[in-house]
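Asks: Work out the full structure, taking the sequences as your base and the hints as a guide.
Chains A and B are the protein sequences, given in the same order.
Going by my numbering, the first sequence opens with residue -15, and the numbers climb by one from there.
Going by my numbering, the second sequence opens with residue 3, and the numbers climb by one from there.
Just so you know, the hints here were simulated from the structure itself, not pulled from any lab data.
Take the hints with a grain of salt, since some may be wrong.
Mimicking DSSO-like on lysine-lysine, the simulated pairs with C-alpha atoms at most 30 angstroms apart in a straight line are [unchecked claim]:
| hint | chain 1 | residue 1 | chain 2 | residue 2 |
| --- | --- | --- | --- | --- |
| 1 | B | 296 | B | 198 |
| 2 | B | 220 | B | 198 |
| 3 | A | 298 | B | 296 |
| 4 | A | 143 | B | 44 |
| 5 | A | 194 | A | 273 |
| 6 | A | 273 | A | -13 |
| 7 | B | 161 | A | 298 |
| 8 | A | 273 | A | 15 |
| 9 | A | 240 | A | 143 |
In this text the structure is predicted, and so the values were computed from the model without any measurement.
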Amino acid sequence: MEKNEYLELFHQMLLIRLLEEQASMLYQQGKIGGFLHLYIGQEAVSTGLISARQDQDRVITAYRDHGVALNCGIPPGEVMAELLGKATGCSAGRGGSMHMADVERNFWGGHAIVGAHLPIAAGMALGDRYRGNDAVTICMFGDGATNIGYFHEALNLSKVWELPVLWVCENNLYGMGTAVERASAVSEMRQKAEGYAIPNSVISGMDVMKVREASMQALEAVRSSKTPYFLEIQTYRFRGHSMGDPERYRTSEEVKRWQNESDPIGIYHKHLVEQNIASVDELDELEKKAEQEIQEAVHFAESSPEPAPEDLFKNVYFEADK
Amino acid sequence: MPRITVREAISQALWEEMERDPNVFILGEEVGVWGGSYAVTKGFYDHFGPDRVKDTPISEAAIVGAAIGAALTGLRPVAELMTINFAFSAFEHIVNQAAKMHYMFAGQMKVPLVIRTVSGGGRQLAATHSQTPDVIFAHFPGLKVVAPGTAEDAKGLLKSAIRSEDPVLFIESATLYQSRGEVGEGENLVPIGISKIQRTGNDVTLITYSKMLETTLKAADSLAQEGIEAEVIDLRTLRPLDMGPVLESFKKTNRAVVVEEGWRSYGVGAEVAARIYEEAFDYVDAPIGRVAQKEVPLPYNRTLEQLALPQVEDVIKAVKEVL
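Replies: Structure, rendered in structure tokens:
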């Protein structure tokens, strides 16, 4: 890996953290509506995972999607503009926080109905298999999604039809406010893949390099075998499920312990310095650059136009717009 | 012109579209080796092979979900749901995924998907397998809902549905498969979203679709013997709903009855009547009549089942009430 590649991972994690900190403030100011689910604490998961994909690999995820959107290359300004519901947002203000997408960048959304995008991911993989493409569909979802029927239908189908899907379960230990052990019959989500004879593994998601390495192996497994693989990545969200979460289901000590001991940005910072990949000064410089980018993104979003009222009926049907 | 069954018409449409476009493929329960639970895809598996005629597990959400995903990649899946009663298990994917994606992602994604399914009662399958919940699906913008009543329309509309860039729920009627009609050779595409006058008359306008077209035409023939000439309009598509021919006819007859197989509450009759009142209030000479299924879960017993379903006599009676 080249030095700039190492630094790019750091840069992407910073962008996610800083963009979401700004989003949190804008939400409190009433500039962002609806739900806002922050990815802070989980940055290493999507950053490591998406860094391992090839351009032809499709990415689809659940509603905690800002990080994935940035990792897939959507400019921070377009992500922020979507949060503000502006015409320049990546979904033109139609989708908001939970429904970001950029098909040109092979990012197929942000999907907000828990587990519902898993059968769709299987279908995208079917599309690639039908055409004999070399692509893998990377489907991310939370631990909570493993308890709904769509998950089981999709995993079963992916195995029966030998579909090139990488199932990635981000286990952040809580489905909304319900701890995994209170909602799931098994403690490791990968155990559910066993029931469908899908090869699987579980890793910690707080070290971006380890996530990247495991993701590369998993993607290779899917690409070479043309069958699904299930990767569980254990992580932790430092913020509430969404804005306004009173967090009665976990103690502040628990959260602080994770923040102090397992901050993915802190862990990677230490790694870069200790391995002499970058100096502290260089990383400080990168952080300043990322802060500047996010400021520009906020400015871009705030100064962008609202969607035009006459566009209300646009895109209901493809054929009506022709 | 050859007279063929609705089953043959649908089968021909599928076959011809699959021959025409390699991106068209079929998936569903028992569509392949079995030949289709209503024998619509008989012979397809041997001709087109397992990659284009895909047997699925009994897994409706996965069938529709996977069809959506495949459509997103540019394929043209035709997903078969054995009956519309099983579509409830895929409701999320039909109305909350397929119908939303083009809009919510601002036109970035399109879902050229057809979901074929079978609606209606009358075969003693009892309450869970006999429903006509077509209007539920027609409630959602973003989805097109098509329900032909003749062999010609079944073929022409299915071909249009397969070529549509939008998701289409294509509703067939189990008791119409054996019904015969003239179907011309060649393309004969029928556009989605266009109602059709199936019988002309000046005394009353009868509005219907799918299986009830047959019932309504029988009633119209019977009424004609009494000197009452009914104009019968087949909606053919529930969304988008084409009210043009309905309003034109109503302005001539000033009286209307809507005939549907599903329940009366919140039904097609409610929608069509409301639109007539909104658009042609000055032409109304009598309250618009509605013939529909009795408001009970359909019973197994044949006599009770037929009592609950709309019959020719119900249509005749309703017409006489508005005259």
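Asks: Hint by hint, note whether the structure agrees.
Replies: Verification of the supplied hints:
no. : hint              : verdict
1   : 296(B) <-> 198(B) : 27 angstroms, holds
2   : 220(B) <-> 198(B) : 17 angstroms, holds
3   : 298(A) <-> 296(B) : 39 angstroms, violated
4   : 143(A) <-> 44(B)  : 27 angstroms, holds
5   : 194(A) <-> 273(A) : 26 angstroms, holds
6   : 273(A) <-> -13(A) : 17 angstroms, holds
7   : 161(B) <-> 298(A) : 25 angstroms, holds
8   : 273(A) <-> 15(A)  : 25 angstroms, holds
9   : 240(A) <-> 143(A) : 40 angstroms, violated
Of the numbered hints given earlier, the model fails hints 3, 9; all others are met.
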